[in-house]
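Peer 1: Here is what each chain is made of, one letter per residue.
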Amino acid sequence: MDKKSGGLLRCRLGTAADRLILLLLLGAVCLFVLWPMACILLRSLGDGEGGFSLAAYTEVWQRYRGNLWNSVFVGVLSSLLCTLFSTAAAIFIATRKGWVKAVCMALLLITMVSPPFVSSLAYIQLYGRRGWITYRLLGLSWDPYNCWGVIWMQSISFVPLNALLLIGILTKLDTGSLQAARDLGAKPAAILRDIVLPLMGPGILVSLLLSFIRSLADYGTPVIIGGRFSTIASEIYLQLVGYSDLEKSSAMNMFLLLPAIAAFFLYRYLMGRSDKLAEGSRSRQGRLELSLSRCGAAGIIIIAVSLLFFLMMVLQYGCIFLSGFLKSTKGVYSFTLRNWEELWRLDTATMVRSVVYALIVSLAGTLFAMLFAYYMERRKVPFHSFFDCLATLPYMLPGTCFGIGYILAFNHEPLKLTGTAVIVLANMLFKQLPTATKICSASLTQVPLALERSARDLGGGQLAVLRDVILPSLRPAFLSCFVYNFSSSMTTAGAIIFLINPGKKLAVFKLFDAVYTGDYAVASLIASVIIVIVLAVEGLAYLITWKGGKRRVS
Amino acid sequence: MYLELSHLKKSFGEKTVVRDLSLSLERGELLCILGSSGCGKTTTLNMIGGFLAPDGGRVLLDGEDITAIPPERRPVTTVFQSYGLFPHMTVLQNVLYGLKFQRIRRGEAREKGLRYLDMVGLSDYAGAYIHEISGGQQQRVALARALIVEPKLCLLDEPFSNLDAALRTRMRQELKTLQRELGMTMVFVTHDQEEALILADRMAIMEEGRLVQYDSPLAIYHHPANAFVADFLGLEDLEWRRDGALLKVIRRDTKEEA
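Residue numbers (the numbering used here), protein chains in the order written: chain A, 1 to 554; chain B, 1 to 258.
A hint or two may mislead.
[To be verified] A few chain A residues facing chain B, derived, Cβ under 10 Å:
#, residue
1, 176
2, 180
3, 184
4, 191
To be clear, the hints were calculated from the coordinates, so they are not data collected in a lab. Backbone N, C-alpha and C fix where the C-beta goes; we use that ideal spot for every residue, glycine too.
Based on the sequences and whatever the hints tell you, model everything.
Peer 2: Have a look at this one:
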């Protein structure tokens, strides 16, 4: 009798805990995603004294219309150029094999784990007033600080993400279709035009969309190499850091927020269509068998554009890794460790703090994403699609929006978080939640429903299912999720710059400072250190799971 | 002889997949290559289609040596096991694709496409996309797409293996009728003994890369070359249709079950 009621009690407790976890997850998403967005809207409509006013909007429209047009101009050109580079690089890599493919993939992966501003930093050092190429090699004297530099750099730095997305689509391509086309008389050029490019279509549109939004949101590049040229994002940065004008920057942010939200829904639709195309074919997947050199003009353009891109990547990273260890006396370079010692003396604490923050976000974020993915995929959650949408939204949100939203939402009681580490950590976690959740959901769909049912059938409650079935089977996802969270936390600047406590800087912030003030050697060194740390931690994570896996087997 | 394979050889690394294979086929006949998985039948088909280059031997078609001609210029088309349909095109666009590379006017091509769709019973689905039609319908699209270019030879690689039993039986009859009407020469690869016996004018049985027996189905039925063929076919009895065609094969194991 006692035993029975004990079991019943435990069951009730389990159900209560299950509900509590779900409530906490949904509450957190509302508080840290929806509420900050609402705050921007409310603040932009306020007159500063609690009333309603459109004054901020009219002022932005009148005074900053030029910036708006600049943003659109740069956004359109950058996304077109970037998509050209990404598509060419993706097709190039997908049709290679052996060491060429390995080297190109390695280059893309290094750029994925590099901090922001690296391209701008390399741009100044390679093509600037005293640039290695423009000044020392070609003897040119020109002003590199203009909108073309911004467009060029944005296009280059958005490529890796897009290219990896497109390579993903190309590897899912049904090789049977390609073989059939060839069998029916299609030459390589026709296969590229009729089969490969149309099937990449939705992916190419997504690449355009992502680059456009990222270009709109990017304030770092125009601030560093824009010179007098400024966009709406760089103006927000100045308004916020320089004048702390929250009404005006909120109103300006609405001009970024609305296109971003529109783009987000378009993005979801396009990704759905791309999945449908892949699903419609009976997939036989393999390497893309296509001889680019026999593809006519299109093939030659693809090869030329990708070689140009990879050459620039090599130059860029060569420049970054080298210039941390060079000193220039009267135009003659020599090797030095002085920058290195200085960095070691001054900034060890910053580096350690960055790594600690990144580790906390990685662990907490991964756990959050796993739980969230489980409730969204497997359980009936009220307003399911609303919450799913809300959690994915930060993927598209410009850093300035997400930053200002947090300042507005959490700078007064009862939730005064500004200046603390919590606001920085929460911001990173929720910015990375969309991708982390996606990784976990993909892994969850591999877990058969029968496993869950048998656990319940044998007497386990919802909590037992979660503890004994779901979390253990997400072990492989844990690694990818952890690695993603860690590298993003170490390398994203976006919103963090607005939230950080001046006394507790992070490495990306120091990097931005160093680039902005022209301390290029230190900046290069910080960038190199970040890249090395991220690669090392990722390597270690793989090693640990690999060893762990081996122990379990033996 | 219309199609002639002479001394074809192919190995992948250490493993020899096809050893010294020779056979010939008359115009308008249907050849079934029958064997269990891994016997080299698909490799043979790929060498005829041009997707694999043989290590030795020649492929002759209509008096021409086509061994070195790449698939896009070979007058041979294939119905792939996985169909290889283009997911971003409609049924009609799929069927018309091969005509793009022949000098045919657009209107004329369209008319021809509709005629072939009618032939495989898909007139109502011309505008549908591939993911909107069933597996059996996809199979017919693949067939129409391969036949419309009027190849000298059509290859079929286990085309019915993705269909359920009832549909497979129906598709067999349809394919045989279509092949007779068009007078199309076909090479059909399968591991299904019944399918081979019903469809084939000539039957080639392969084992471990070797051609074990090559003859008409009835001759093989009455005089299996060796114990392997007899056992592999496992025949007990045949049932005939009134017009003299083979209706059903009764195998030893199926009879025991019944």
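Peer 1: Holds or violated: is the Cβ of residue 184 of chain A closer than 10 Å to a Cβ in chain B?
Peer 2: Result: holds, 3 Å to nearest chain B Cβ.
Peer 1: Verify the interface restraint on residue 176 of chain A: the C-beta must sit less than 10 Å from at least one C-beta of chain B.
Peer 2: 3 Å, holds
Peer 1: So, residue 191 of chain A near chain B? Judge it on the closest CB pair being under 10 Å.
Peer 2: 9 Å, holds
Peer 1: Does the interface hint hold: is residue 180 of chain A within less than 10 Å of chain B, judged Cβ to Cβ?
Peer 2: 3 Å, holds
Consistency with the previously given hints is maintained throughout, with no hint failing.
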